[in-house]
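Note that the protein sequences, when read in sequence, are chains A and B.
Quick note on numbering: this note's numbering labels position 77 of the first sequence as 77, and the sequence is numbered without any gaps.
Quick note on numbering: this note's numbering labels position 218 of the second sequence as 1218, and the sequence is numbered without any gaps.
Because the hints were derived from the structure by calculation, they are not lab data.
Since we're looking at a predicted model, the values are computed, not measured.
Just so you know, not all the hints are guaranteed correct.
As the list claims (entries may be wrong) - Only some residues are given here: those of chain B computed to face chain A with a beta carbon under 8 Å: (1) Leu-1032; (2) Val-1132; (3) Trp-1135; (4) Val-1139; (5) Ile-1155; (6) Leu-1239; (7) Val-1279.
Each residue gets a CB set at the ideal place from its N, CA and C atoms; glycine is no exception.
Chain by chain, the residues:
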Amino acid sequence: MRRYFIRRIFQMIPVLIGVSIFVFVGMHIIPGDVATLLLGDKANPESLARLQHELGLDQPVYVQYYRFVSKVMKGDFGISLRTRQPAWREVWWALPLTVELSLLSILVAVVVGIPVGMWAALRQYSMFDSLSMVAVLVGVSMPIFWTGLILMMVLGGRLHWFPIGGILDEGMTLQRITGLYTLDALLQGDLKVFNSALKHLVLPSIALGSIPMATMARMTRSTMLEVLRQDYVRTARSKGLAERVVMIRHALRNTLIPVVTVIGLQLGLLLSGAVLTETVFALPGLGRLAITSILARDYAVVQAAVLISALMIVVINLAVDMLYAYLDPRIHYT
Amino acid sequence: MPNAESASANRATRSLEVRAVAKQPSLFRRLLRSRSAVIGGILILAISLVAVFASMIAPYDPIKQSFKDQLQPPSLSHPLGTDEFGRDILSRIIHGARWALLAGILADSIALILGVTIGLIGGFYGGRVDVVVVWLTDVMLAFPYLLLAMIVVSIFGPGIRNAMIAIGIVYTPQYARLVRGTVLSLKEKEFIEAARCIGVSPFRIMFRHILPNCLAPIIVMATLAIGWAIVQTAGLSFLGLGAQHPTPEWGAMLSGGRNYMLSAWWIATFPGLAIVVTVIGFNILGDGLRDVLDPYLRGR
Chain A
1 MRRYFIRRIF QMIPVLIGVS IFVFVGMHII PGDVATLLLG DKANPESLAR LQHELGLDQP
61 VYVQYYRFVS KVMKGDFGIS LRTRQPAWRE VWWALPLTVE LSLLSILVAV VVGIPVGMWA
121 ALRQYSMFDS LSMVAVLVGV SMPIFWTGLI LMMVLGGRLH WFPIGGILDE GMTLQRITGL
181 YTLDALLQGD LKVFNSALKH LVLPSIALGS IPMATMARMT RSTMLEVLRQ DYVRTARSKG
241 LAERVVMIRH ALRNTLIPVV TVIGLQLGLL LSGAVLTETV FALPGLGRLA ITSILARDYA
301 VVQAAVLISA LMIVVINLAV DMLYAYLDPR IHYT
Chain B
1001 MPNAESASAN RATRSLEVRA VAKQPSLFRR LLRSRSAVIG GILILAISLV AVFASMIAPY
1061 DPIKQSFKDQ LQPPSLSHPL GTDEFGRDIL SRIIHGARWA LLAGILADSI ALILGVTIGL
1121 IGGFYGGRVD VVVVWLTDVM LAFPYLLLAM IVVSIFGPGI RNAMIAIGIV YTPQYARLVR
1181 GTVLSLKEKE FIEAARCIGV SPFRIMFRHI LPNCLAPIIV MATLAIGWAI VQTAGLSFLG
1241 LGAQHPTPEW GAMLSGGRNY MLSAWWIATF PGLAIVVTVI GFNILGDGLR DVLDPYLRGR
């Protein structure tokens, strides 16, 4: 297991090198170089050439790539064109909200998806099973941004149950500790702010969690159906164990193993969904930062956002692999 | 004598096999027996007909603005209402079906052609070629797909065509992985070995012998991916990177209606419903195809 873990960490290196090459090449072939963007279209050629020289843009591509990687390793992603702040700081500021939103949406997906999938499997071909599978089909077919808009319109605009955008009520402030709004509010003992942040995050979490919820319900159902047919479940039942014990101790635990993988995979996908959800609900997270930076051609920030997101996905995938092996002792990695 | 017996036994088995194969209903007939495939197929057929005859069906010009009809709620003259420019939502949704299907099919085709070729080559040649293919797919899958698509659109410039290309590119590794995996198991089979022994060229082995045997999972993935591509292209348009004003594209319509959610709910609601219905169609059809082509997964 340890050897496998070390090997997997080493396997991450070529992937991360590839990610850096992709980002570097991508940023290079996007029309307009950094010097032109910094000085504007009307800059005189001499100052443009001087800045290009200062930034190393007149160097061969491989030298530029080397400099780019060296800087990134030191955490230097360049300066944001819009705010003139270091790009990593912009990302660092926005990232926790996206993490918080992703975790809450996974929580929504787990809390709803797993019990629905389990119940559907236990009552296969019943009305509940059919209805839940129709709901799953609709759930995976709904664009996140539309789900968000509908939730916002009905539960926010019409029924006024939840706020329709932003992260805190007007006039509220919160001192940043971890960057996770709900956690920071709790750490500071400010329940009013905690309540406000949580209320603001409910609709985005449901919208972002709708697809993982549907996927999880479907996955839990199909795995549960398979597990229920296994010999060890039959043995457990014939031993005279109570159905509840059979379900929880034998069936559910084995069902959860592949579901954990789905949770991990969905966490990676959520970063994409966050771009749309944060745009709909005007949340100042990483996704919204990425889209505003792309539209403003603030490529230093785009670069930082993409590299950090890719790193997160690679690490999440590794963590899921490890967790998978931990949960299922039958899995032996060599 | 025992040899003669076994020979006749073999002949009998073969003839039984032949009869069994002959009795197996055609793919089309099996599809007709699948409720999911039929419902999905009918939905997709209906949407395709709407897209093809959009100009004849749509009651109004989808682009023409009419300021006296601004923000009209659903009524007999405008069954799905009008938008902020007085354009008929129903007509725009009908014309939008063209863009949606085009986006789904084009993006999916790009991913399919690139992914299948890369996966075939990697799986078939193995060694260093395969290492490069695996590395390439791993790297692409490490990116959040929408961010990757946004970067591709930034490179080519915003627009519906470039959004389709971007979505096609980001879906490529999925096909590459699927095909590579299938090829790895197929290339050890006797019929491939036999083809090699009689001197069939690698190109012909890949496309004539291996590819047809990978078709079942590819067809299923292709059907499901069309729905996915429609949603993602609409997502890029929603973010302002895909279809531009005044193209009647569902994602762009949703984006336009966002500012009127509380006062004119119909602008964003109906294009979203159109996306959901279309994607459901492809998803049901994909599920039906999977049931037929891969009976092991039936009912999952």
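Now for the hints, and whether the structure bears them out:
1. Leu-1032: violated (21 Å)
2. Val-1132: violated (10 Å)
3. Trp-1135: For B:Trp-1135, the interface hint holds, since the closest Cβ of chain A sits about 6 Å away, which is under 8 Å.
4. Val-1139: Where the cut-off is 8 Å and the nearest Cβ of chain A is about 3 Å from B:Val-1139, the hint holds.
5. Ile-1155: holds (5 Å)
6. Leu-1239: This interface hint holds because 5 Å falls under the 8 Å limit.
7. Val-1279: holds (4 Å)
Violated hints for the displayed structure, listed by number in ascending order: 1 and 2.
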